[in-house]
Amino acid sequence: MTTQTMTRSNLRMMPALFALALGFAVISLTGHVQAAALHDAAHDVRHATGFPCH
Amino acid sequence: MYSRFIIAALFAGASAGLIAGLLQLIFVQPVLLHAELYESGELVHFGGGAISAHPDLPGFDAMRDGLSLVFTMLTYTGYALIMIALMGVAEDRGARIDGRSGILWGVAGFVAFHLAPGFTLAPEVPGVAAADVSARQIWWFATVGTAGVALWLIAFGRTWIVWAIAAALLMAPHLIGAPEPDVFTGPVPTEIGALFAARAFGVGLAAWVLLGCFAGYFWQREGAHADAQANA
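Which chain is which? The protein sequence lines are A and B, in order.
Read left to right, the first sequence gives residues 1 to 54 (the working numbering).
Read left to right, the second sequence gives residues 1001 to 1232 (the working numbering).
It should be emphasised that the hints constitute simulated quantities derived from the structure, not laboratory data.
Glycine included, every Cβ here is placed at the ideal spot set by N, Cα and C.
Accuracy of the hints is not assured; some may be wrong.
[Stated by the list, open to error] Across the chosen pairs, the derived CB separations fall in these ranges:
1. A:PHE18 with B:ASP1182: 40 to 46 Å
2. A:ASP40 with B:ALA1194: 22 to 28 Å
3. A:PHE18 with B:LEU1057: 42 to 48 Å
4. A:LEU17 with B:ALA1095: 16 to 22 Å
5. B:THR1159 with A:ALA21: 26 to 32 Å
Isolated chain A (complex conformation) (with noise of 0.2 Å):
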């Protein structure tokens, strides 16, 4: 049971890590990057979701 527990949590870790990764990456780009063109057709929710905008 123990090794099944450990096996789990390793196989668990990856993924984990991999999802933390792409959210932050998917929030930079809705939220932070200054790119005009991303800025300006984010720029509504930038300002709404409490992002520092331009």
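Once you've looked at the hints, dock chain B against the given chain A.
Okay, now just chain B, sitting in the frame of chain A:
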């Protein structure tokens, strides 16, 4: 295992993000459009004459508001990926993750991602004076990070020392201070700025509670699905 994280996050993030986007369009967008009339100079406060607090605002703009909906859904999917990653780790350590406990996760997410940075860098109405955007973004990420760690320690720590460290982490970014502008140049009436911040926080809290609930629910559901397939 990767699919469980991704699928649960996509469903939770897209559905909570859609509701968040609609709430923003109804409650936040009119305040933002009102502020933009001052930002553009169409209305001038402090000019001597009285100004109506109820000007005609632009209505629904399919392109602009459609993009806002898409980007809100994307943003909340990003939040969902982060939250479900941490939910997975917490479940390994014995925490129960479902729709009901997800509500608490949602409140914690709101505190980490909205309230903590917004406590010093208040949600900005367009036109407000602010420091350099890169400096504020660094402060934003640092504050979200420390608040996230602090909340994890509060939830899963077991000693007073750990909780004291968590309290210190929560306060530190605000004692150090965020990048601030040298001079105030904002043309927007304070009433609009205050309403904007309040609405941004209110919609954020509602959206995050839904996000936590959905994330817990879909995480549980995808897990049951995976177990059923493994046992079949």
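Could you tell me which of the numbered hints above are not met by this structure, giving the numbers in increasing order? Every hint satisfied by this model.
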